[in-house]
Each structure stands twice: as C-alpha cells, then as structure tokens.
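Number of protein chains: 2
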Amino acid sequence: MSTEGPIVLNGFTMNAVSHVNYGLWRHPADESYRYNTVDHWVRLARILDDGGFDALFIADALGLLDTYGGGPEASLRTGTQSPVSDPLPLVPALAAQTSHLGFGVTVSTTYEHPYLLARKFTTLDHLTGGRVAWNIVTSQLDSAARNLGLAQQIPHDERYDRADEFLEVVYKLWEASWEDDAVVRDAERGVYTDPAKVHPINHAGRWFTVPDAHVSEPSPQRTPVLFQAGGSPRGQRFAARHAEVVFVAGADAEGVRRRVAETRALAAEFGRDPASLKFVTALSVVVDDTEAGARAKLAEYQSYFSAEGALAHYSASTGVDFADGDLEQTLDRVIDYRDTDSNRSLLSMFADGRRPWTLREALAPRDGFGRTPNFVGTPAGVADRLERWLAESDTDGINLIQIVSPDSWREFAELVVPELRRRGRVRPRPAGPATLRERLQGSPHVRDDHPAAQYRAARYRVPASSA
Amino acid sequence: MSTEGPIVLNGFTMNAVSHVNYGLWRHPADESYRYNTVDHWVRLARILDDGGFDALFIADALGLLDTYGGGPEASLRTGTQSPVSDPLPLVPALAAQTSHLGFGVTVSTTYEHPYLLARKFTTLDHLTGGRVAWNIVTSQLDSAARNLGLAQQIPHDERYDRADEFLEVVYKLWEASWEDDAVVRDAERGVYTDPAKVHPINHAGRWFTVPDAHVSEPSPQRTPVLFQAGGSPRGQRFAARHAEVVFVAGADAEGVRRRVAETRALAAEFGRDPASLKFVTALSVVVDDTEAGARAKLAEYQSYFSAEGALAHYSASTGVDFADGDLEQTLDRVIDYRDTDSNRSLLSMFADGRRPWTLREALAPRDGFGRTPNFVGTPAGVADRLERWLAESDTDGINLIQIVSPDSWREFAELVVPELRRRGRVRPRPAGPATLRERLQGSPHVRDDHPAAQYRAARYRVPASSA
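Heads up: the sequence lines are chains G and D, in that order. In terms of full-length UniProt numbering, the first sequence has 247 at position 247, counting the first letter as 1, and numbering is strictly consecutive. In terms of full-length UniProt numbering, the second sequence has 363 at position 363, counting the first letter as 1, and numbering is strictly consecutive.
Just so you know, the hints here were simulated from the structure itself, not pulled from any lab data. From the three backbone atoms N, C-alpha and C, an ideal C-beta is built for every residue, glycine too. Any given hint might turn out to be false.
[Claimed, not checked] One side only, chain D facing chain G, incomplete, derived with CB under 8 Å:
(1) 26
(2) 147
(3) 154
[What the hints assert, rightly or not] Quick list of the computed label-pair ranges, beta carbon to beta carbon:
(4) G:268 x D:321: 12 to 22 Å
(5) G:429 x D:418: 28 to 38 Å
(6) G:270 x D:29: 45 to 55 Å
(7) D:99 x G:414: 26 to 36 Å
(8) D:142 x G:180: 52 to 62 Å
(9) G:34 x D:441: 49 to 59 Å
(10) G:300 x D:161: 38 to 48 Å
(11) G:158 x D:205: 24 to 34 Å
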C-alpha cells in the first residue's frame with residue numbers, strides 16, 4: 001500500500017500563529033499572523049483544494065504551553081501554539097469556498113460530552129456535504145485539566161477506557177439511532193420524520209448514560225472519518241480499534257515501520273482488515289527548481305528558527321522543563337517515555353535508530369528543521385525522497401506542515417504535486433461532489449469491519465431500557 | 001426609547017426545519033428543509049444583511065421535544081424543533097458572506113465549561129470581525145439533562161447562582177486577562193506576545209476553578225454582545241445584571257411593559273443605566289400591497305398550521321402533556337407558571353390581560369398564528385401596528401420569526417423596512433466595518449456600568465493565587 005497508488009495528502013496546521021514551525025511567523029512571507037480571519041483560512045483551503053490535497057487537518061490544545069521555565073512566557077513570546085483559537089468554527093466557512101477538500105478537526109473526548117459532540121460532528125458533516133473528519137484526542141495539556149476544574153489529568157489508561165465507551169455512545173447515536181429512511185419529508189401527509197424509524201439508544205455504561213435518540217438527522221457520512229494518534233501501548237490499541245487514518249510521529253523510518261506493523265497486527269486482532277488503516281506522518285518540504293535554490297531557501301528559513309519556541313513545545317509535550325537543561329544530555333535521560341503517548345512518540349522522533357539524540361541535536365535534526373523529517377530539493381528530488389520514505393516507513397500518506405504559510409503548501413501544490421501526479425501518487429480530482437471517506441476508501445460509510453458498523457440501524461437492535 | 005429612533009431588528013430562527021411556525025415546512029414556498037446546507041443560511045443571511053437587519057438570532061435546545069404524549073413522536077412527525085442541528089458552526093460561514101449583520105448564538109451555561117466557552121466566543125468574535133452575540137441560556141430541556149448524565153435539572157435558582165459565577169469567569173478571561181497591547185507582533189525582537197501583559201485570572205469560586213490566563217488573544221468586542229431571556233424573578237435579576245439585549249416573551253403589551261419596567265428597575269439597583277438595556281419581543285408579520293392580499297396570504301398560511309406541532313412545543317415548554325388535554329380548559333389550570341421561566345412567559349403569552357386563554361384559544365390566538373403577535377396588513381399598516389406595539393410595550397425592537405422561510409424576512413425587508421426607514425426606525429447601513437455592539441450602542445466594548453467592565457485589564461488587578 002505504500003509503494004504505489006495515490007497517497008493520503010493532508011495539510012497540517014493549527015489555529016495559531018505558529019504550529020511546529022517555531023519562530024517562522026517572523027519570516028516576511030509568513031501570513032500566519034492573519035490566523036484570526038476567515039480570509040486567511042479560505043486562501044489556504046483553496047490552495048489545498050486546487051492543489052489536489054485530500055484534507056486540511058487542524059491540531060488543537062486547550063491551554064497555553066507552560067512547562068518550559070514553569071510558565072507560559074516562552075510560548076507566548078515566541079508565539080508557539082499560544083495564543084490559540086478554536087479550530088471547529090472554521091470548517092463550514094472553508095467547505096463553502098472549496099469543492100472537495102476534507103477537514104479534520106481535533107476534539108478531545110476528555111472535556112466534551114458524547115451527546116454534545118455527536119450533534120456537533122453531525123452538523124459539520126451536513127454543512128460540509130460529508131467532508132469532515134474527527135481527530136480523536138484523549139489526552140490534553142495539564143493546563144487544560146487544571147482550568148476545567150480537574151485537579152489533574154485522568155490516569156492514562158483509564159482515559160482510554162473512557163474514550164472507548166465515548167466512541168460506543170457516539171457510534172450508537174450516529175449509526176443506530178436514525179434509520180436511513182427515517183426522514184420522509186412528506187408534505188402531503190404532514191410527516192417530516194417517521195418516528196417509528198428513530199430509536200433511543202438506551203446506553204447505560206460506566207461513564208455515560210444516554211437513554212434517548214440522536215437529536216440530528218443522519219449526515220452524509222454518519223460517522224465522520226476517524227483520525228487518531230496514539231503512541232503508548234494503550235493508545236495504539238485504541239487506534240487499531242477505531243482509527244481509519246492513524247497519525248504516527250517519527251523521523252526514523254525504521255521506528256515508524258515497526259509502529260505501523262504493530263498497529264496493523266492489533267487491528268487484525270480486532271477483526272479489521274489491516275490494509276484498510278491508513279498511516280500518515282508529519283513532515284515538511286522545501287522545494288525549488290534547483291537543488292541549490294532549495295538549499296538556499298532552507299538556510300534562509302533556518303535563520304528564523306526559534307530554539308526557545310521549540311524547547312517550549314518539547315517541554316510541554318514531555319512534561320520536562322528544558323529551560324535549565326544541559327543541551328548535551330541525551331533525551332532518554334530526561335524523558336520518561338514509558339509514561340505517555342506524547343513522550344514515547346517524541347522520543348521516537350529524537351532518535352535515529354542507533355542512539356538517542358542530545359537535546360542540542362533534537363533542536364536541529366536531519367535537514368535542520370523542527371522535529372519532523374524535512375525533504376529539501378527539486379520537485380523530482382522531493383518526490384523521490386517522499387516515495388522512499390513512504391516505502392521504508394510503510395506509511396500511506398503525509399500531513400504536510402508549513403514552514404512558511406501559505407507558501408509551503410502552495411509550492412508543494414505547484415511543484416511537487418504535478419511530479420507526484422505523473423507517478424500516480426496523487427488522487428485525481430473527483431468528477432462530482434464526494435465525501436471524504438469516499439475519497440479515501442470508496443464508500444461514504446464506515447467499512448463493515450469497523451466497530452461502528454455493528455451499530456448500523458439496519459442490523460442492530462437497540463436494547464430496551466432497563467429503567 | 002420606544003417611540004423614536006432606530007429599533008433593534010433581528011431575524012429569529014433555529015437550525016431546524018421548523019422553529020415556531022408549526023407545520024409551515026409543508027408550504028410550497030418554505031425552504032427550511034434545506035437547513036442543513038450552508039447555501040440556505042447564506043441566502044437568508046444576505047436577505048437580512050441587505051435588508052437593514054441588525055442580527056440573525058438562532059435559538060437552540062439540545063434534545064428532542066418529548067413531553068407531548070410522553071415521547072418525541074409528535075415533534076418528529078411535525079418537524080417541530082426536532083431534529084435540530086448545532087447553530088454555532090454556521091456563524092463564520094455567514095459572516096464571510098455578509099458585511100455588517102450580527103449573529104446571536106444560543107449556548108447554555110449548564111453543560112458547557114467557561115474555559116471552553118470563552119475560547120469559542122473569542123474565536124467567533126475574531127472570525128466575524130466583532131459581530132457575535134451570546135444568547136445566554138441557563139435552563140435546558142429535561143431530555144438534555146438526562147442525556148448529559150444528570151439525573152435531572154440543577155434546581156432553578158441554584159442554576160442562576162452558578163450562571164452568575166460562570167459569567168464572572170468568562171468576564172475575567174475576556175476583559176482582565178490580556179491587556180490591549182499584549183500582542184505586539186514584533187518580528188525584529190522576536191516577540192509575538194509580551195508575556196508581562198497576559199495575566200492569569202486566579203479564579204477560585206464555588207463552582208469553578210480557573211487559575212490561568214485566557215488562551216486566545218483579545219477579539220474586537222472582547223465580551224460578545226449579551227442576550228438573555230429570563231421570565232422568573234431570579235431570571236429577571238440575572239437579565240437585569242448581565243444582559244444588554246433582553247428578550248421578553250408575550251403577546252400582551254401591558255404584561256410586556258410591566259416586565260420591562262421591573263427589569264429596568266432591577267438594572268438600576270445593579271448600578272446600570274436602565275435605558276441602556278434593549279428589550280425585544282418575538283413576532284411575525286404577514287405583509288402585502290393590499291390589506292385584502294395580506295389577509296388572503298394569512299388564510300393560506302393558516303391552512304398549513306399544525307396544531308399538533310404547536311402542542312408538542314407548548315408541552316415541552318411547560319412540562320405539561322397536552323396530548324390527552326381538554327382543549328376547553330384554561331391554561332392557568334394546567335400550567336404551574338410560578339415554577340419556571342418558560343412557564344411564566346408562556347402563560348403571559350396565553351393571556352390577553354383579561355383572562356387566561358383556553359388551550360383551544362392558545363392554538364389560534366389573535367391574528368391566528370402561533371403564540372406570538374402577528375401583524376397582518378399593508379407596509380404602512382404593519383409599520384403602524386409595530387410602532388404602536390413598541391410604544392405600548394415599551395420595547396426597543398423585535399425578533400422577527402418566519403412563517404415561511406425566507407419569504408417572511410424578504411417581504412419584511414422589501415416592503416416594511418423602507419416604510420420604517422422613512423420613519424427613522426431602521427438604522428442606516430454603516431459606512432464601514434462595525435462591530436455589533438457599535439451598531440447597538442456606539443462602542444465595541446461593554447459600557448462602564450456593565451458588570452464585565454470592572455474586570456478591564458486597565459483598572460483591574462488580578463488577585464494572587466491562594467495556592
């Protein structure tokens with residue numbers, strides 16, 4: 001699945017002035033300072049839509065990054081994911097101005113109730129004509145937990161147990177509650193919905209009690225396309241069970257390949273076709289007509305790189321305050337990577353298969369940009385590197401991050417996409433309207449082997465309420 | 001304030017096939033069946049924007065109406081507010097296609113955390129250029145409480161105490177946390193935000209603990225324009241304290257006038273200028289070039305009216321199941337109106353100052369449409385009725401509901417607005433971009449006598465954390 005055929009091609013960013021392109025908001029060409037305007041996002045979405053991308057994928061975190069130096073000062077000063085705005089309200093505005101681009105929105109299961117979240121995504125799926133994906137996050141920043149009135153995070157594994165039940169609830173609301181022909185809209189008979197075809201879900205579990213029917217009528221995809229990134233053993237099980245697109249972090253192809261194989265094996269244990277899961281990694285690209293031009297561009301970008309911004313982010317991701325840290329220490333000494341998803345995935349990014357990096361190396365890995373692979377070169381050179389990366393890591397696509405917005409995406413669309421198209425690695429533009437899931441797997445609804453499918457109204461009998 | 005000068009002119013609807021125009025989705029001209037598309041809403045928003053309206057105001061309830069007959073069958077069948085979609089994601093898409101229209105979104109304080117809600121509205125205010133209002137709801141349907149895992153509603157007065165603290169938290173986040181010049185965006189010095197000008201709010205109260213700073217940078221209005229409707233004594237106090245626009249239900253001018261006077265008196269007790277509060281009522285209009293034409297149109301509309309839909313709504317509003325009710329009983333016999341806001345306001349709608357109506361009368365009050373006043377006639381006749389209504393009820397504007405969408409709003413914009421403009425009762429179109437609050441009261445920010453103003457960063461000193 002990784003050596004031929006169209007790849008999954010996503011733009012990956014955040015509703016903030018800087019995502020993981022630390023310091024680059026200072027570059028004269030960067031327009032991220034306009035992140036609080038619809039215009040800025042429409043411009044970006046159209047570049048992706050016209051450029052053959054499948055989806056715009058928006059990360060999120062509900063809190064300032066405040067581990068580094070014991071406060072948010074560094075992240076605020078460098079604009080690193082702080083301040084941050086809500087990604088969700090952007091989606092219908094961008095769908096209205098694009099023709100096929102999908103939209104992946106990050107929403108946590110930890111601070112949101114399934115009955116509310118189900119309606120939110122059904123509404124987004126309606127308003128986008130079935131082009132929405134949910135990036136399921138179970139963890140959040142400590143700062144978010146603190147400000148939402150929880151003394152601390154729910155313990156890691158328990159959070160995933162709760163998330164499993166959360167998904168059971170929303171699957172029932174999306175798949176089991178309203179039959180396909182429940183909405184009849186018969187003006188003559190005066191029947192908008194046939195009530196006999198709307199079923200209360202009668203869910204009573206450990207975490208949630210949801211007796212009633214879904215409040216919204218079925219949307220084109222019913223269940224949004226499900227994205228997930230989980231690096232820990234428990235997180236990997238969760239992804240193997242639920243995710244249709246799995247985001248794997250890592251700059252080391254071998255490590256990524258191992259994680260992909262593990263997750264596919266787990267998916268098979270859950271009765272899913274392992275080949276149906278799509279794996280993507282985040283990376284950046286610096287492309288130019290000539291190799292020398294690309295190298296010069298990279299050097300110019302690097303002059304804007306903010307090590308303080310990077311450290312503020314790494315500290316928040318790992319819970320380790322690097323402000324007073326020794327830059328020569330190796331990262332396995334300071335990060336307890338067994339503990340959390342993000343630590344494990346962070347460490348996998350900071351190693352090249354031989355030995356863990358020092359913090360200094362982590363600040364300038366490989367081609368010298370951020371903590372993800374960065375491919376620098378001519379269109380053909382970048383396409384070669386990308387194809388090799390996909391083959392070596394056994395992944396199916398990429399989340400392309402910006403170095404400079406929107407130039408990084410525009411140059412990829414204008415220079416690299418035509419080259420990838422020639423090689424059959426970019427999906428043809430759909431002839432008519434299509435849902436995101438149809439683009440990715442041919443059908444608007446979850447596959448029969450996906451856990452949501454067992455709740456399909458056609459075959460699922462809602463249990464009677466025990467009340 | 002009610003006999004001259006521009007009125008507050010809102011379109012009032014719901015993200016559903018039928019709001020309070022029971023059964024009218026069956027009318028051939030009604031386009032509400034397209035409520036799940038952005039196109040439908042853009043069309044409506046442009047009619048209001050071009051037609052001189054101040055805002056589009058979207059009601060909401062998170063649940064199917066299921067009191068009538070003990071289940072949701074009647075509301076589903078008649079399409080009465082069931083199914084219902086999330087109103088919030090519509091807003092930026094509509095702001096992008098309009099030039100000055102404001103957007104009022106209903107969000108409950110009961111099922112939403114202030115730290116999340118604050119970011120949501122800051123984002124909407126950014127993306128709309130300062131054109132957003134929050135319709136603060138404290139109560140919700142029992143069905144919502146049930147599905148969100150609460151055995152029953154929080155007791156009424158306690159809900160308002162909690163809402164008061166909720167507003168204290170969001171005021172601190174919106175007004176006190178980020179100073180006006182906190183975001184400096186200085187590329188040369190590498191400073192996006194000056195951290196010294198971002199303050200943690202250190203809120204520790206009975207209901208909420210929010211130690212940190214707001215996650216988002218200040219938006220044009222900071223605090224969105226605040227709408228509220230509270231009929232009970234405690235709800236009225238809440239409105240008097242916080243609301244900038246107060247929605248008063250009622251078909252009886254005397255009753256509305258009394259409520260307005262009471263609320264203004266309470267506002268004065270809270271140190272606010274009573275004249276600064278704007279009061280609006282919901283009503284519908286059937287207008288035509290001739291009186292006979294308008295009457296004929298009304299008769300035709302009435303032929304689509306669904307009494308079952310109306311009863312399903314009245315039952316949900318009052319908690320009284322009217323399915324087996326005697327249509328000749330008067331409403332004070334079946335509704336305990338002392339109990340809840342909505343019952344009190346419902347009963348005030350179902351009385352004409354002399355005696356309570358029977359249920360049969362409630363189904364066909366006054367000019368025979370729904371439970372709000374309905375003005376039928378020529379443009380001049382409607383304008384006369386409207387001006388008299390505003391004077392008699394001492395209100396400042398209206399929430400115009402649809403009978404048929406979007407015709408009801410378009411005909412009002414095309415026929416009645418020019419007449420009102422001649423009389424100086426419709427605001428001139430703003431020359432340039434303006435926030436909603438500037439339109440309504442001349443300044444983008446809350447008035448000095450509003451409770452949010454005490455938290456303004458310029459004068460408010462955030463208390464040190466007790467931790």
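Q. Does 49 to 59 Å hold as the CB distance between residue 34 of chain G and residue 441 of chain D, or does it fail?
A. With a Cβ separation near 29 Å, residue 34 of chain G and residue 441 of chain D fall outside 49 to 59 Å, so the hint is violated.
(Q) Would the hint on residue 154 of chain D be counted as holding, given a Cβ-Cβ threshold of 8 Å to chain G? (A) Nearest chain G Cβ about 15 Å off; hint violated.
Q: Can you let me know if the beta-carbon spacing of residue 300 of chain G and residue 161 of chain D is within 38 to 48 Å?
A: Check failed, 58 Å falls outside 38 to 48 Å.
Q: With respect to the beta-carbon atoms only, verify the hint that residue 158 of chain G and residue 205 of chain D lie 24 to 34 Å apart.
A: Since the Cβ atoms of residue 158 of chain G and residue 205 of chain D sit about 28 Å apart, the hinted range of 24 to 34 Å holds.
Q | Supplied distance hint 28 to 38 Å, evaluated on CB atoms of residue 429 of chain G and residue 418 of chain D | A | The hint (28 to 38 Å, Cβ to Cβ) is violated, given that residue 429 of chain G and residue 418 of chain D are roughly 46 Å apart.
(Q) Is 26 to 36 Å respected by the C-beta to C-beta distance linking residue 99 of chain D and residue 414 of chain G? (A) holds, 33 Å
Q.
12 to 22 Å was suggested as the range; check whether the CB atoms of residue 268 of chain G and residue 321 of chain D agree with it.
A. Once the Cβ atoms are compared, 52 Å apart, the range 12 to 22 Å for residue 321 of chain D and residue 268 of chain G is violated.
Q | chain G contact restraint for residue 26 of chain D - C-beta distance below 8 Å | A | With Cβ-Cβ at 4 Å, under 8 Å, it holds.
Q. Holds or violated: 45 to 55 Å for the Cβ distance of residue 270 of chain G and residue 29 of chain D?
A. holds, 51 Å
Q: Hint says 52 to 62 Å; check whether the CB-CB distance for residue 142 of chain D and residue 180 of chain G agrees.
A: At 29 Å between Cβs, range violated.
Q: May I ask you to test the interface hint for residue 147 of chain D with respect to chain G, counting a Cβ-Cβ separation under 8 Å as satisfied?
A: holds, 4 Å
Violation of the numbered hints given earlier is confined to hints 3, 4, 5, 8, 9, 10; the remaining hints are satisfied by the structure.
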